[in-house]
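If you're matching them up, the sequences are chains G and E in order.
So for the first sequence, UniProt numbering puts the first residue at 1; every next one is plus one.
So for the second sequence, UniProt numbering puts the first residue at 1; every next one is plus one.
Among the clues, some could well be false.
Which copy is meant is left open, because identical chains are indistinguishable; a pair holds if it fits in one copy or across any two.
Pairs of lysine to aspartate or glutamate, DMTMM-like flavour, derived with a Cα cap of 20 Å [what the hints assert, rightly or not]:
hint, residue 1, residue 2
1, Lys207, Asp495
2, Lys169, Asp199
3, Lys261, Glu250
4, Lys513, Glu250
5, Lys513, Glu286
6, Lys97, Asp595
By construction, these hints were calculated from the structure, which means they are not laboratory data.
There are 2 protein chains.
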Amino acid sequence: MATIEQLQAWHELAQQLRVDSIRATTAAGSGHPTSSMSAADLMTVLLAKYLRYDFNNPHNPNNDHLVFSKGHASPLLYAMYRAAGVIDDRELMSLRKFGSRLEGHPTTVLPWVEVATGSLGQGLPIAVGIALAGEYLDQLPYHTWVLLGDSEMAEGSIWEAFEHASHYKLANLIAIIDVNRLGQRGQTMLGWNTQVYCDRARAFGWKAIEIDGHNLEEIDQAYSAAIHNLDYPTVIVARTKKGKGVAHLEDLGGWHGQALKPDDAKAAIAQLGGERHITIAVEKPEEQPLTATTGQQAQTLQLPIYQEGDLVATRKAYGDALKALGGSRPDVVALDAEVSNSTYAEDFAKAYPDHYFEMYIAEQQMVAAAVGLQVRQYKPFASTFAAFLSRAYDFIRMAAISRANIKLVGSHAGVSIGQDGPSQMALEDLAALRAVWSSTVLYPCDANQTAKLVAEMVDRDGIVYLRTTREKTPVLYEVDEDFPIGGSKVIRSSDDDQVAVIAAGITVHEALKAYDRLKQEGITVRVIDAYSVKPIDAATLHQAARDTAGKLVVVEDHWSEGGLGAAVLDAFVGIGTAPAYGELGLNLVKLAVRDMPGSGTPEELLHAAQIDADAIVKAVRSLVKQAAWMPTE
Amino acid sequence: MATIEQLQAWHELAQQLRVDSIRATTAAGSGHPTSSMSAADLMTVLLAKYLRYDFNNPHNPNNDHLVFSKGHASPLLYAMYRAAGVIDDRELMSLRKFGSRLEGHPTTVLPWVEVATGSLGQGLPIAVGIALAGEYLDQLPYHTWVLLGDSEMAEGSIWEAFEHASHYKLANLIAIIDVNRLGQRGQTMLGWNTQVYCDRARAFGWKAIEIDGHNLEEIDQAYSAAIHNLDYPTVIVARTKKGKGVAHLEDLGGWHGQALKPDDAKAAIAQLGGERHITIAVEKPEEQPLTATTGQQAQTLQLPIYQEGDLVATRKAYGDALKALGGSRPDVVALDAEVSNSTYAEDFAKAYPDHYFEMYIAEQQMVAAAVGLQVRQYKPFASTFAAFLSRAYDFIRMAAISRANIKLVGSHAGVSIGQDGPSQMALEDLAALRAVWSSTVLYPCDANQTAKLVAEMVDRDGIVYLRTTREKTPVLYEVDEDFPIGGSKVIRSSDDDQVAVIAAGITVHEALKAYDRLKQEGITVRVIDAYSVKPIDAATLHQAARDTAGKLVVVEDHWSEGGLGAAVLDAFVGIGTAPAYGELGLNLVKLAVRDMPGSGTPEELLHAAQIDADAIVKAVRSLVKQAAWMPTE
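With the sequences and hints as input, model every part of the structure.
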């Protein structure tokens, strides 16, 4: 039981957090003071008594983790940092200003923020990933605390987190729902019906505790119960008031995302007892040694080897290579969304079950868990059908804002999957993943290339995406070839190439067939395997354009927008200022999927989409023919 | 109570559905027979007794709706069509073959399939949209039946559907979960723990009925209870066996997505009692008149009018225009994900509350509901922050496969939103939406243009996306200007333009500032407002390239990949064969966001991203300067 003195001290601290939330947002002229005020009591008790965190060493493996899933309550978080003595008042007042670390929603530019939030419903699933690391990999007793808003409980991703947290018995995970009843534009679906939140949480296998979120004793007791609950994750459903503590704000609509005008702020701060300058010493965690999992030394990597001409699907090579990595890198973990026998993540899962997490059909949770795992420096590879990564696109976008280092692998790309039909065909994945900040996009055409690229992915920063193919394709490269990210392979060339064909993945094989047929016609083409779609090998493309008077054919198993063709074109534009090489005549043909495919054999569908050898031959001929009547220099 | 004769007849029909599922998949050499067999009894009783459907008139407003959320059970659906007499045996045997309507997963190329499925967890949220139409707009007594797999219950989108269905009291919605315990690669998270499914459903406000999914009497009673339940949606949790009826398949792993070999199939069919040729007459619905909602005549549209020079955010113009549309078009409905006071959908919501559905913070459910509403011919406009449409990207992708006609509106695009920071900034939406089949992408720069485009969106087929801006911008256009989709506006031009600047939305205003500054330097530039990003106005771009020797600057508030710059480049490539105009020298500078933004004022962030007037001036100068030492024709 907390003493009266302790309760009084906590009350003072809570009021300071409220006052600071108002001061910072009023100085900024925007922000979310009232959403911060509702959770101030909840965060006060956490900071003052329960959080174990070494602010001087954010990477201390024994630290607790705190995720503000309701990222718009960032003023509260920053006020907590001030109370902890790690930012000063001047920095607090820089909230939302250009160049400040205190952005409108928390990002990892602050050393104590581990993941960016602000897209609601993401903090809890990411925390599941951190808790998985704690329970199964680090095997350390730290807790992961998550502050949630009640509005975000409507996001399905929250329930993916609930089901996975109970499935994996993550008793180290504690969710705190700030049920202030009011969303951005009115009442939430459930209002103050905290009983329903508890019923749902319990049906999903959690321990649920219902409290008055402004009663410091109830908060204290709930946290105590949560950290002593060793069987299940705990959710604390706290009934609160938005704008708590200020009469003209409390539980009133119309105040979401509104900073107070200076005069209003002055009156509100007075009601809250004025400014305070309390600093508290947040307790550090007990030091516990890491288990062997992360301490292991890396072994020499023995990548799988494939013989030229053998038929091997690149998805299978991914599985083989990932398994090989598992033997050499104890920091590699794998996740899959219930299709590991298709993506071949199962090869890793069988060999290293302790480093594999089955995410079932919940792609958002899968990507979120990967983000959580990399918080603890693991190297997560998350795989599913490439089409279904689109389910987690917002999570991938936010992972980039978190500066997260995750590896995504999408199998069954393009029409070449055949009979299953368009719902299973990724035709937009290259466009979507290219348009993610910090991303790398790889698309290998053979098994040896795939294995090499998987090995390079491990330590590549940012969002690294590998696209694999369902069908078996012939091995083209010898095992000693290297495939640096950012490179390409010129696999057919001569001194008098008339056209260059740029392909990747499945279409490389079509380009080679087209090469043979065109050669018989006396037309020589260059064939470029652009396995690194982003970054693209601009130098090789420039050379090809110079050698062929700009006659390029790009062929891809993807919609015509945003994929390989777009990447190639981007190599010919100036960034910010004029292209260094000046004007370059481009005479480029794009072969890409334009009509909605149906079912059929891979060959039928590649042909129907006009991205097979026939289409390449036709495109090349049209460019060669054009030269006869419209010469270029 | 069903008679013994009836039960026997149903059993025979169920066995036929199983046999046909095996026959069709074996003929195809792929597909999901065992996932079909587990649900055969459930679908038999539905087809034979409960479904009210006029196969001769799929658009009969009184028809029940049946959504196969577990789309991989398509062989069962097609077997039902054969039993209903609407496809013959020859067509059934065309499953998964090139050109067949019977694709690997159901699509709307079949007249009785209303939405494509195959990305799990989408059928139920779409059905919520159909049920909303039935309950609130059509006000007709039809039911929407949904067959779900148990694996897909792990998708968060399912729980968005559960919460919305109970919130909106959709007693006309009946979900049937085929709990066959086995997913693609092993047991599901909950196995046969049907009690937990029921607990969760009840906590989410549904009536739940637990049955043996192979007991025809229990199925009959459950359906009867469901259609007589007038208060809440009903879920029937049916315990089943995958591969039911064939000893060597029943409840065994390793059979997911596996067709039987011909000999295996023969033995299995024998076990099931051989082939049958039962045809049943599915009962038609009672004819009920449509309510006034859809019968209303369209009134003359009075779009809002804005004065040149006034400062109006395009998001506000969207709200005004949508409200105007509401007065003229009774088929227009609006949805928003709890930010209607930011997107301005609230203007419509207040004026036409009966045609507005609050979707709370559940973007997947919002887009799915839009797809469901358009099944009944409504014209849904679904809005949220553009960044958060990324949450529903898989639903948008699948909506295109459904050939759905939906309108998406994303506000708060780009760094120009200012202080809220990157989590709230859409910087990938143009890339993502361009890479959707059948999509239209619009990005207006002023209020009058926005209003005109909103009016054009209503009857535009496919996925139509409008990107709006948070900040107020000056009105540029007179009210009588037209902005056809596929067009653009040349807003500054002369006979000696040295460079053409192509902009859209917020950057049009920066381009105009740059124009003025460059003019003072003696440099004349053309300024093109490319409000129609897809389709792009290729003819105007070609003319600009000819007039400026290919010197183009594209400036956009978006990542550099896949957006306006990519759309402009695509206008200069050949599709399939060489570009008609032959080689065209391009000397293009892309100005786009490349570094991760933080918080700041819109002006600071546009400047930091180098997409403001300063950056345009610099880029133009670099192109003009280049001409001096590297002349082009």
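Any of the earlier hints contradicted here, and which numbers?
1, 4 and 5
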